[in-house]
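**Q** Residue numbers (our numbering), protein chains in the order written: chain A, 1 to 246; chain B, 1001 to 1557; chain C, 2001 to 2121; chain D, 3001 to 3325.
It is possible that some hints are incorrect.
What the hints assert, rightly or not - In silico BS3-like links for lysine-lysine, alpha-carbon gap of 25 Å or less:
(1) B:K1243 x A:K134
(2) D:K3261 x D:K3241
(3) B:K1074 x D:K3254
(4) A:K136 x B:K1243
(5) D:K3233 x D:K3182
(6) D:K3306 x B:K1243
(7) B:K1199 x B:K1289
(8) D:K3182 x D:K3254
(9) B:K1199 x C:K2080
(10) D:K3241 x D:K3254
(11) B:K1347 x D:K3233
(12) B:K1467 x D:K3266
(13) D:K3241 x B:K1467
(14) D:K3266 x D:K3254
Claimed, not checked - A short, non-exhaustive set of chain D residues, derived as facing chain B with CB atoms under 10 Å:
(15) V3031
(16) V3038
(17) F3046
(18) M3053
(19) R3059
(20) N3075
(21) I3081
(22) V3153
(23) V3183
(24) M3187
(25) K3233
(26) I3237
(27) A3245
(28) C3247
Think of the hints as simulated: they come from the structure by calculation, not from any bench. Think of the CB as a built atom: it goes at the ideal place given N, C-alpha and C, for glycine as much as any other residue.
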Amino acid sequence: MTEHTACTTDGHGANAHPAWLAHHFHSARQQYESGKLGIWIFLLTEVLFFSGLFCAYAVYRANHPAVFVDGHHLLSTPLGAINTIVLIFSSLTMAWAVRCTQVDQRKAAAVLLAVTLLCAGTFLVVKGFEYHHKWKHGLVPAHEFAPDEQYLESRIGAHEDGSTLGRDPAQRVRNVRTFLGIYFGMTGLHALHVVAGIIAIVWVLRRTVRGDFNRQYFGPVDFVGLYWHLVDLIWIYLFPLLYLIH
Amino acid sequence: MAAIPDSAPAARPAAADNYLTHARGLMSWIFTLDHKRIGVMFLALIWVAMALGVLFALILRAELADPGETIVSKNVYNRVFTLHGAVMIFLFIIPSIPSSLGNFVLPIMLGAKDVAFPRLNLASLHLYVFGMLFFLFTLFVGGLDTGWTFYTPYSTETNTWVIPAVLGAFILGFSSIFTGINFIATTHMMRPPGMSWFKMPLFVWSLYATAIIQVLATPVLAITLLLLAVERLVGVGIFDPDKGGDPVLFQHFFWFYSHPAVYIMILPAMGIISEVISVFSRKHIFGFKFIAFSSVAIALIGFLVWGHHMFTSGQSPLASTIFSLLTFFVAIPSGIKVFNWLATMYKGVVHLTTPMCFALLFLILFGIGGLTGLFLGAVAANVHVHDTAFVVAHFHYVMFGSAGIAFIGGIYYWWPKITGRMYNDLVGRICAVVVLIAFNMTYFPLFIMGVRGMPRRYHDYERLLEKNPEFFDLNVIASVGGFLLAGTLLVLAANLLFSLVRGRPAPANPWGAATMEWQCASPPPHDNFASPPPVTDPYDFGNLTYDETTGGYVSAP
Amino acid sequence: MSDSTTTPQTETHDGDHGWIHIVPARVLLAVFAALILLTLVTVAVTWVDLGDLNLWIAMFIATVKASLVALYFMHLRYDKSFCTIVFLASLVFVFLFIGVVLLDTLQYQPDIQQWQRDQLP
Amino acid sequence: MDQILISATAAARLLGGLWLPERASTISPAVDGVFNLVLGVCIVFFSIVVISMILLVVRYRNRPGAKPQESPSHNMRLEIIWSIIPLAVVLFVFWRSFTVFLEMYTVPSNAFEIQVTAKKWSWTFEYPNGHVDENLYVPVNTPVRLIMSSPDVIHSLWIPEFRVKMDIPPGRYTSTWFEATKVGDYMLLCTEYCGELHSDMLATVVVRPEAEFHEWLAKAANFMEEYKDNPAKAGEILYQKRGCAQCHGIDQPKPAGPSFKGIFGKTHELQGGGSVVVDENYIRESILEPQAKVRAGYPANMPTFKGLVTEEEIKAIIAFIKTLK
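Hey, can you work out the whole structure from these sequences and the hints?
**A** This is the structure in structure tokens:
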């Protein structure tokens, strides 16, 4: 909320309306804080959007633990860890880019945004590799789900301990199918959000290079940054839940 | 205020600069950022959606008038009641008040030039049109027959067009989320200096509470519909029992959105009723804080009660008992509101104009609709009447009878401000009385049939007549009432459209309301106010006097 | 979330940038280091088999990392309190949703298992 | 003419029996008690609201020169009153409903168990001695527990006179129980939308005195021996009992499945080309693997009867179809 104590007749006083201030806002502060509130509410909807998948995960983990005990052997923890570190680093560069925009270091901000894009690309490449690896072994839970039995035996058989012995293979295939359904659901939706993030960062990068932002008007960079941090935050929870199951 | 002289010759209003004449051409409408134009376009589209929904309803009523197969086969009947439900909920009643009247009136009520994010507002409109196209496509390729609830496993195995309809609802969900984000930001950040939370009109409070629900509940619907579409395309098995899934899990996901959604429908309606009853009783609203906080209370408690839709669905008795108890808590704020409205009318001067008639009609129909919710909240009674015609009657009384009637009342209340024209008030009042009769004729028989043994979504009740021969008469009464009701809605719409051509030019403040939107011209200029007018108590009608010449109210200096 | 805490603060004049907060570079680096460290810790913990405790430790570490990102990278510490309320509200409703659905599904699980046992030949 | 007669008697009955259907189970009076309690609460609150509204509108109607009188716009005591009283009333209603729900939920231990299977558009009830029937026969005054499951979509079993309803989602068992108190025939309806013939998916609940019920059950169980010499008759009973009649008509054809009249020995086109002669093993195969050779022009959604039908019963059905010239 803004309140003009020095309210002059036409409400805007000496400084004419700067180009970057929308006509229906009174001051830069009102525009920035409205934008900040708006993006935070949007992030709230994103959190609830993912809550559906986390709920499906929780229901299956609570009711069918065997699904996760069998399924998680199919994932490679090192790749997951690399992706986590890549995303955390991209969060750092994004936060730093917002900082540079606030202090008018336009070139530094552009470089940092480019690095963030690079990290996002790396993340997708690693993800793509994982998906291809699954696809190669027929581990995509489509209508005719025909996993490569020998590969399953090699990944899950090797970790057979007391709890999973004597389970018939059909049950194991069902478990793997449900796990992969949840795995592709969560990481797929997250990957889509990474792609949307890339598009947003490219848009902000273009405007930074064009010099739209200054000390008083850095809203878009900050808000895309917040969206990107949320994407990273969701991955921070996805990584242990999917990759680090015991 | 004396009866409005309806017969005054409709002098064409001077071509003053208002939001309608500010810019010309189709492009200026399709890509406008002005919240007023977006509100008007939403209003027009929502009318089209309502007409489509009513058409489906008439087919259903015509079919049910006779026990056997009357005009449509079983498959077509199943598709018609599904489309009736889906179109009426996703296309009409969820966006109805917030997107049309809310978009138009909220910024002016706050003295602002526009909502916080005009482009987001336009995106909401475009998404609504895009979602509507999906539904029209589904309609033309043959519709779907799953019921508007899309319950799995039927929705995943039927070969009717489920995915376009599901994607249509998915897109309309985002249109609703964008409206919610806009209203929360506008209410927080765009209030004029001096307008604290308790100097805001109650319609803004109810839109704020509705926005909370839109923003918190709709994303869960989005993920549910996405999972359903993925389930149909790829067969992942989350809801399919053969692959380890659980159909009742889908019902939990679906009703976590769909119960708060019924409060998205009713809260804005209650906001309109608070405004209308206070203005036409010429008295300050009674218990402002209680009405305002009961809106927010309904919004928040509304998230705890979704299980009462699933008492007989195999839900565990423990969860059923918890949901039943919480359902009774959510009934209390609605009661508080109704009693406060009645207290507002005490010692006032009640002007029975059309909006007031619809507000009183709301009180009667919401009385019946809200109270029959108690039957459905109590588990013992719910088990007998769940999924029967009783439930159909209950939600028509609450959705159509309360939210729909308040929407019509709201349109009639703000029509002079939106179009700058006065309508024929007598026609409006007569229609209100006819709606009272026709509405009860249509839906009260369903209460009786539901309790005596008529399940929901039944195409053919021939064999039920052996035990309950009165079903035939009750269905005939309901069908006749249905057609009478549809005809009255047509007259109500015609009355408004006719006023566009022949209506008297409307003064700035025809009803003598004290909220800010009546202090600018009707129709309002492009920028609403040069600078926000001084903030006064929105329900203090002290210094407003009726002025014969303009037929409206002016504030004494 | 209606709270009357956000009554309009007076603002001296347009020039003052009191509302802009710039996070110092060293804070960003410190938070980054902490996050990397915690990632390594959470991976390391999985080599030790503690049964059910593993899940809760992993969740605790993830929550610490998430709050670090939220407080510093997302400015929640420096911004208006209403943004924090919005973020916490989303978590409250997520836990409400997951909690009640879990409560119910756990209750009727025996019916499902009984049916599945009957299906085995 | 008879239509008018029915409506007249119906109207009289409607006004006579206040709303609720006949009470034919032990739980009905308790449920009706809750129902009528809530009905009373509704009538009281509704009349308070509507009568006060009418009085206020008439008393303070807009007469020329009428001025709104001063009156407070806030009264904390009043607000408390109309918050606490409704809260107390609804909690009392919850308590009454909760106690009845406990009764509805706890199944007596000596209940007579019947397996119910709801499948697309027909019911089958399996009794402890293995007899399968398409109607629900129950002894009077003994608790009966229904253990229900569905092979395809969600159905729901509702017996209005017993005030009993429970959905039947696939992939699990759901159960409900009742104790019939009145001998007679009642209707059993499906109340969860389940597709095209949802409104035809009805069955009859036949309540008989205990002795008569057990005697019927014994006779029905071995009707196969009874009709050993006349398999066609046994086939006809199976045609009714196993729900074949629901989709396969004889005289009037039904949309869901091909008619049985005069098909034995004929050749029929199949979906996806090819044709087959209708003989013993085609009928046997279609009973056990219905999707193997689906006749052209009919939806392929017949459920399998493998494990539900014995070899002897298949022979009886084939014999019956042969007689349908």
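**Q** Name the hints, by number, that the structure is in violation of.
**A** 5, 8, 11, 12, 23, 25, 26, 27 and 28
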